[in-house]
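Protein chains: 2
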Amino acid sequence: MTSQQAEIAALFENAARLAAESLQEQSDPNQPVVNWIGPEDLTQALELELPAEGRGLGSVLEIARKTLHFSVRTGHPRFVNQLFGGSDPAAIVGEWITALSNTSMYTYEAAPVGTVVEVALIKRLCDLVGFPEGEGVFAPGGSISNLMSVLSARQRAFPHVKQHGLREGERPVMFASAESHYSIPRAGIVCGLGHDATISVPVDEVGRMRVDELERLIQEQKRVGRTPFYVAATAGTTVAGAFDPIGEIAAVARRHGLWLHIDGSYGGSALLSKKYSGLLAGSELADSMTWNPHKMMGIPLASSATLMREPGHLEAALAMNADYLLHEDSDPQWNLGDRSLQCGRRVDALKLWFAWQVHGDIGFERRVDGLFDQAQKFRQLLAERPGFRLIRDQEGPNVCFRYLPPDQRDAPAAEWPRLEHEATIRIRSQLAREGSFLINYASLDGAATFRLVASNPNTTDSDLTALLDAIEAKG
Amino acid sequence: MTSQQAEIAALFENAARLAAESLQEQSDPNQPVVNWIGPEDLTQALELELPAEGRGLGSVLEIARKTLHFSVRTGHPRFVNQLFGGSDPAAIVGEWITALSNTSMYTYEAAPVGTVVEVALIKRLCDLVGFPEGEGVFAPGGSISNLMSVLSARQRAFPHVKQHGLREGERPVMFASAESHYSIPRAGIVCGLGHDATISVPVDEVGRMRVDELERLIQEQKRVGRTPFYVAATAGTTVAGAFDPIGEIAAVARRHGLWLHIDGSYGGSALLSKKYSGLLAGSELADSMTWNPHKMMGIPLASSATLMREPGHLEAALAMNADYLLHEDSDPQWNLGDRSLQCGRRVDALKLWFAWQVHGDIGFERRVDGLFDQAQKFRQLLAERPGFRLIRDQEGPNVCFRYLPPDQRDAPAAEWPRLEHEATIRIRSQLAREGSFLINYASLDGAATFRLVASNPNTTDSDLTALLDAIEAKG
Chain E
1 MTSQQAEIAA LFENAARLAA ESLQEQSDPN QPVVNWIGPE DLTQALELEL PAEGRGLGSV
61 LEIARKTLHF SVRTGHPRFV NQLFGGSDPA AIVGEWITAL SNTSMYTYEA APVGTVVEVA
121 LIKRLCDLVG FPEGEGVFAP GGSISNLMSV LSARQRAFPH VKQHGLREGE RPVMFASAES
181 HYSIPRAGIV CGLGHDATIS VPVDEVGRMR VDELERLIQE QKRVGRTPFY VAATAGTTVA
241 GAFDPIGEIA AVARRHGLWL HIDGSYGGSA LLSKKYSGLL AGSELADSMT WNPHKMMGIP
301 LASSATLMRE PGHLEAALAM NADYLLHEDS DPQWNLGDRS LQCGRRVDAL KLWFAWQVHG
361 DIGFERRVDG LFDQAQKFRQ LLAERPGFRL IRDQEGPNVC FRYLPPDQRD APAAEWPRLE
421 HEATIRIRSQ LAREGSFLIN YASLDGAATF RLVASNPNTT DSDLTALLDA IEAKG
Chain Y
1001 MTSQQAEIAA LFENAARLAA ESLQEQSDPN QPVVNWIGPE DLTQALELEL PAEGRGLGSV
1061 LEIARKTLHF SVRTGHPRFV NQLFGGSDPA AIVGEWITAL SNTSMYTYEA APVGTVVEVA
1121 LIKRLCDLVG FPEGEGVFAP GGSISNLMSV LSARQRAFPH VKQHGLREGE RPVMFASAES
1181 HYSIPRAGIV CGLGHDATIS VPVDEVGRMR VDELERLIQE QKRVGRTPFY VAATAGTTVA
1241 GAFDPIGEIA AVARRHGLWL HIDGSYGGSA LLSKKYSGLL AGSELADSMT WNPHKMMGIP
1301 LASSATLMRE PGHLEAALAM NADYLLHEDS DPQWNLGDRS LQCGRRVDAL KLWFAWQVHG
1361 DIGFERRVDG LFDQAQKFRQ LLAERPGFRL IRDQEGPNVC FRYLPPDQRD APAAEWPRLE
1421 HEATIRIRSQ LAREGSFLIN YASLDGAATF RLVASNPNTT DSDLTALLDA IEAKG
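For the protein sequence lines, the chains are E and Y, in the order given. Numbering-wise (the working numbering), the first sequence opens with residue 1 and increments by one. Numbering-wise (the working numbering), the second sequence opens with residue 1001 and increments by one.
Just so you know, the hints here were simulated from the structure itself, not pulled from any lab data. Accuracy of the hints is not assured; some may be wrong.
In silico BS3-like pairs for lysine-lysine, Cα to Cα no more than 30 Å straight-line [to be verified]:
# : chain 1 : residue 1 : chain 2 : residue 2
1 : Y       : Lys1123   : E       : Lys66
2 : Y       : Lys1377   : Y       : Lys1274
3 : Y       : Lys1066   : E       : Lys123
4 : E       : Lys377    : E       : Lys274
Construct the complete structure from the given sequences, taking the supplied hints into account.
Following this line, the structure appears as structure tokens:
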């Protein structure tokens, strides 16, 4: 071993110890969720100027320590802010190996292990969706996966688009619910159709797409001479956590010849659970689906599967046949470059594979059940307390609610949304700054509402109770 | 410490030891570059079925070991196959911390450290390009960065496109050299313009865009009623490693009002070197640039900077103002979500920051100089041997060459390209299968040529000599 190799070995061992300590600290409810300071102060505290003369390997551990000190502890039981929480130890080691064996997914030759592992994982996810002949690829996130679905749908509906673009007079339109993720209309923008080309379908009182409205809007668009070609059903909406009725949407899509995509970025993981997979009933009728193991499954970002019921659509939309990358004798089954929107592509498959080996189907099912049950428990706790009320009440993994402080409860009912709006923004900001809870808010029906996200298996019933207590105390 | 925490700590320490061992093995020229087996055999060897019952954390180390055994050793001195090589130990630790503190770059609140670090890195890269007022964002790879440049250019040229799409009769066209990367025309396809909308500009004898041809083609497109709006100059072409003459292209772009993008995915790193930065002379005149630290700088995939001379263009093209993500009071300077094509976005900034602290400007300059010098050395070695000839002879980090075995050298000169083509494919495949060298090939002027990529600082002069010896022996 050279002295440099010895130094690297020592650094790696010290970093491993720091990582283990940090995971312990993350799970301690007596620690703050975040040591919050503003961006200018943080820039100073990190001393992040890039030096002319390098500081050598000996500086790494201190930088790592500072980084962890000021990072949000997303595995903390009181981090309920975003659609993910913590990260799985087995998957973390998978990421280490990915960084170490640094390669790119474009060819089997460059990434043999990544390729066969990705193919096996995609096959399993496809089987769970109900795509027995399916194929797919990992992408850098749900937005890119959703974009890939729109590109595939556009190519099927307008086969000349890849070579020649749209023809004069062609006016494609797509549909998604009013509470779908912004990446759906943005995919239309990227494609050159403009924001106008995505028709927003109203939702029912709990946030699910209204299928009667979808039918009506498709007919309306056809009457004005536009060509409906794509509808996105959402399984787990970003704010409410609602599940659109896929089976009913599929019937409409089939009648009108639309590509049906499921944005299951968040809620796709319900398919791992016997108890909750019914929320995606009819998924086998879709043409494509996005599923992010980096959300409910606890895999570190990014892990986003783009799944297709039939093979060939991704290549049809995306393949460029660059012979410097994919040689003439390369088998497309094992050379995934032509089905991706990227050229060089990080090996995102290992971390999920490592975690699946450790937890198995049963472990993931237990995790997902636990998260849905956690949301349900929170709804019960909330119902017992005056001043709190549920918004978009349904069985998904998010709980949206408003709170009205006692001294404001005699205000006229018409003023409640405004008062709740102000209380929400004020209280959640106080909690975040003091680092006691990170819980996000969003606008629903024109007023801010708290959004608890059950994505963190470390959150216990007592954390949920403590959150309600804290909101009351700040209120 | 609970027993589970102790198990995690032990796993992390063992994984760190395995990582250090693996790095040592990677650098040993007596080890094969890859233990090559085919995809079906590998699927069996890895036992990669996903179990119903989890195998527990105890299974992770064995899986990691198997993964490393069958992975390509991209840090091996005889891996000269792709536009990257190895991965930096400091950056590897950066990736560990990224996986551990798992979060997303959309808001400062969720990723305070990632945000301030990314802003500082982007500022430094912009300064090196000559964009003192610039801004930017990391993307999952060069193809996505290039797509973002096309989207920004389209938005500037056709400001109605985001809301309404293109108007009837608008026919935008873009330009890139015949040897540019496929992601440029593919960006046009994604945008809905079709492959036809990218005009391929001929290159000179060493692979640089011919500026007289660019001028002629722009005028030709204007005459037929199309609207030129974008030209991509390449700094380091994928096959030849050539640098387009940016200053001259900028003059043409300015005259015709085109957005000038530099695809410096590969060669942008020359800006770190006083000796080689002249290859990008005129970069300050561009509107945007792609730069991949995951190529010549040795950062693990993916590290791709999308850089803009003026602020605001990315937001203009991409922002969706989703209030569940970016609250009304959020400062866009520190909340980067609206300038990205992703929503959830991995923290790619840490690894580059860690490496920069360790190496400093001077360390990176030494690395980049060494890689260019390595290519130059290989050209000299090659010139001394009969049967070898350079194709696209220039000073970039790639060396393209053909080899004609001795028993074929009396064939008529007209047959040489065919014979060299066959020899190239046969020899490089033999080298790859036996694991002695990984060197890629590509088609130039209709025939396969070897492409040596100087992206691996571990490659020594004796490895370069051994490569030429091995090609002669197989020939």
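- Query: Against the structure shown, which of the earlier numbered hints fail to hold, in ascending order?
  - Reply: Those not satisfied: there are none.
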